Structure formats: structure tokens, C-alpha cells
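**Student:** Okay, so the sequence shown: first residue is 1 according to the numbering used here, each after it adds one.
To be clear, the hints were calculated from the coordinates, so they are not data collected in a lab.
Do not rely on the hints blindly, as some may be mistaken.
[To be verified] Cross-link-like lysine-lysine pairs, in silico, DSS-like; alpha carbons within 25 angstroms at most:
hint	residue 1	residue 2
1	Lys59	Lys69
2	Lys79	Lys69
3	Lys79	Lys64
Remember, predicted model here, so these are calculated numbers, not experimental data.
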Amino acid sequence: MSRHEHVMAQILSGASDANIAFRDLCQLLCRLGFEERVRGDHHIFTRERVADIINVQPKGAKAKPYQVKQVRDLIVKCKLGGYSVD
Numbered sequence: 001m002s003r004h005e006h007v008m009a010q011i012l013s014g015a016s017d018a019n020i021a022f023r024d025l026c027q028l029l030c031r032l033g034f035e036e037r038v039r040g041d042h043h044i045f046t047r048e049r050v051a052d053i054i055n056v057q058p059k060g061a062k063a064k065p066y067q068v069k070q071v072r073d074l075i076v077k078c079k080l081g082g083y084s085v086d
């Protein structure tokens, strides 16, 4: 299992939202086709044909759990990366 697949599985499982590395979350969003821009410590992700804008900030080296949940909900809602929950 690649690092990308491992991070995707962690996020989709919902079992370890507080243990997702911020860098891994940002890399995953980029691999899913999002464009990143940075304003201070705010990393803002947008993607064509996705109306939602994802805004994440680090908490130390980790991603904030509620923001990981937002990313998970967006992945499932928009069926990104071939993942969906029916």
C-alpha cells in the first residue's frame, strides 16, 4: 500500500482524525487534483467542478480533526479518488 493509499484509508476510516499529519493531508488534496494557495498558515484548496473550498491550518505537525472530517466528507460527497460510500 502506497503512502497516498494509506493516508486515504486513514481519513476514510474516521478512526484517527487527530493523528493525520498536516503535510500528508495537503499532499493528498494535491494528488486529488486540488490547487493550493497559502495565506499565512491557511492552506486553501480549490478544484474545478467542486463548489466547496477547503481551508486547513496546522495544529503543530498534525491536521485539525474537524478539518480532516471536512476533507473526508468532501471526498465521499464528490466521489474523489474513486472512493464513495453508498
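**Student:** Does each hint fit the structure? Answer for all of them.
**Tutor:** Quick rundown of the hints versus the structure:
no., hint, verdict
1, Lys59 to Lys69, "holds (15 angstroms)"
2, Lys79 to Lys69, "holds (15 angstroms)"
3, Lys79 to Lys64, "holds (22 angstroms)"
Hint violations for this structure: none, all hints satisfied.
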